[in-house]
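Listed below are the residues making up each chain.
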Amino acid sequence: MQDLGIGILFKGVNFQRLLGGLWVTLRLALITIGLSCLFGLLFGMLMLSGKRIVKAFCRLWLEIVRFMPQLVLLYLVYFGFARLFGWDLDGETSAVIVFTFWGTAEMGDLIRGALTSIPRHQTESAAALGLNKARIYLHILIPQTLRRLLPQAINLSTRIIKTTALVKMINVTEVLKVGQQIIGQFYRQPDAAFWVYFVIFLLYFLVCWPFSLLARHLEKRWA
Amino acid sequence: MGEAILRVRDIHKSFDGTGVLRGVSMEIREGEVVVIVGPSGCGKSTLLRCINGLETIDRGEIFLRGEKISGRRKDLHLVRQRIGMVFQSYDLFPHMKVMDNLLLGPTKALGRPRAEVEKEALEMLERVGLREKACALPRTLSGGQKQRVALVRAMLMRPEILLLDEITAALDPEMVSEVLNVVIDLARGGMTMAIVTHEMRFAEAVADRVLFLEEGVVLEEGTPEEFFHAPKTERARHFLQSFTYASKRDKVEIQPKNNAGD
Ligand SMILES: Nc1ncnc2c1ncn2[C@@H]1O[C@H](COP(=O)(O)OP(=O)(O)OP(=O)(O)O)[C@@H](O)[C@H]1O
Ligand SMILES: [Mg+2]
Chain P
1 MQDLGIGILF KGVNFQRLLG GLWVTLRLAL ITIGLSCLFG LLFGMLMLSG
51 KRIVKAFCRL WLEIVRFMPQ LVLLYLVYFG FARLFGWDLD GETSAVIVFT
101 FWGTAEMGDL IRGALTSIPR HQTESAAALG LNKARIYLHI LIPQTLRRLL
151 PQAINLSTRI IKTTALVKMI NVTEVLKVGQ QIIGQFYRQP DAAFWVYFVI
201 FLLYFLVCWP FSLLARHLEK RWA
Chain Z
1 MGEAILRVRD IHKSFDGTGV LRGVSMEIRE GEVVVIVGPS GCGKSTLLRC
51 INGLETIDRG EIFLRGEKIS GRRKDLHLVR QRIGMVFQSY DLFPHMKVMD
101 NLLLGPTKAL GRPRAEVEKE ALEMLERVGL REKACALPRT LSGGQKQRVA
151 LVRAMLMRPE ILLLDEITAA LDPEMVSEVL NVVIDLARGG MTMAIVTHEM
201 RFAEAVADRV LFLEEGVVLE EGTPEEFFHA PKTERARHFL QSFTYASKRD
251 KVEIQPKNNA GD
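Residue numbers (this note's numbering), protein chains in the order written: chain P, 1 to 223; chain Z, 1 to 262.
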């Protein structure tokens, strides 16, 4: 009797290989998310406090990043920059650059939105209570900004995790690429593709679902 | 009545070159309730905001118990700890329960022990009929309940003077009196207050003195009897008229309310 395709996942180190690929995906995503939060904070503050020209520049950046397919940017940096400037960027570095370029703008816009959504009279009534500046930030502004920001930031993070699947196109061996390698090895097993992709689907789901639950929970709790 | 708590001397304030306060002076003595009325845009809110330093003034001086508080940049929060203020918009902190709203100022700004303030807060909530709301979030309260909590929050700082800026203006009519009755209670308890309001009956009931502000100057000042029953200026008469309605069956010329004996 022929094995069920799912069996190949438990042959040898196949499953470990998949998990290894998942780790590449997650590492890429985590670095990107971390950098995006950091630069996004600067980006958001620039959008708020900057001169008109700075604001226009930020808007332009945001627009470009929104209508430009990520894959085009990846190719541009990975292949284009290598040729043009002679930079020898590896796939993962290129991916971090491109996704951070995107994540910074999106995160910055979320941070700008969260900061501006707090009405001025919140600051004023805290000041009227005789709290000093530091305490107003600590007890009133930061908690309220985080409450608005966190659910949206989590949603953006799951989008970033999903989007990292594109890096297999620039030769980064992440989970999808590993899956294809395994399928290639077991080409005689007709349903291998289905099972491998199904497991990858489950892995993505297991990673992203808790985030999405958390975001929904926070949104409801802090509405 | 006791010593002067607040003294405002000839203050001026303009926004973008437009004079909003143009030489306002006033004095509030200990335990006194001064009501400030006037048409929309005459500078009432600006006056209160200048007093607790939310706006800087261009000219003039403000004294709290003889101590000059205007023109100060540093340690403004120490001044504000002595001046309570409640605004028109519901300004409770939405991410904190009622009790945490109440505790924030006394514990974090004044550094008083939490247990002691909590006990006092519960007593005051009880007095305004909201004891069972101590653990509620602000968004579950009605507008009238929110403003009562805001009053308790300001009072828990034990301010030397309380500034109220149209605290019922955003309320549904049926909730106005539950809030104003709390203010009347505070007045009876001897609280020193400067109150801006459009509720003329309340103003008459609570005021020791009425200031009529128009275009950034105090146009008229007097006891509530004088101001509401025998206003001295044409402007004040006109202003008071705007709160009365002529009957559709009444063909006579519109007269200000209670102005018959003028
Ligand atoms: N921050 C500001 N910037 C510019 N103009 C302002 C500012 N605050 C107030 N003003 C202007 O100052 C004038 C007085 O405003 P203020 O709010 O003191 O009036 P008010 O007497 O409280 O009116 P209302 O009864 O409508 O509350 C108004 O013309 C207003 O537009
Ligand atoms: Mg006003």
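Worth flagging that the hints you see were computed from the coordinates, not collected in a lab. Watch out, some of these pointers could steer you wrong.
Restraint ranges, calculated between C-beta atoms of paired labels, are given here [as the list claims (entries may be wrong)]:
id, chain 1, residue 1, chain 2, residue 2, range
1, Z, 119, P, 51, 32 to 42 angstroms
2, P, 53, Z, 119, 55 to 65 angstroms
3, P, 218, Z, 73, 17 to 27 angstroms
4, Z, 119, P, 20, 57 to 67 angstroms
5, P, 31, Z, 129, 37 to 47 angstroms
6, P, 34, Z, 188, 56 to 66 angstroms
7, Z, 72, P, 41, 44 to 54 angstroms
8, Z, 137, P, 121, 16 to 26 angstroms
9, Z, 143, P, 34, 56 to 66 angstroms
10, P, 221, Z, 73, 36 to 46 angstroms
11, Z, 110, P, 51, 55 to 65 angstroms
12, P, 134, Z, 61, 46 to 56 angstroms
13, P, 219, Z, 59, 33 to 43 angstroms
14, P, 52, Z, 71, 56 to 66 angstroms
Here a beta-carbon is modelled for each residue, glycine too, at the ideal position from N, C-alpha and C.
- Output the numbers, in ascending order, of every earlier hint that fails for this structure. Going through the list in order, the structure violates hints 1, 3, 5, 7, 9, 11, 12, 13 and 14 and respects the others.
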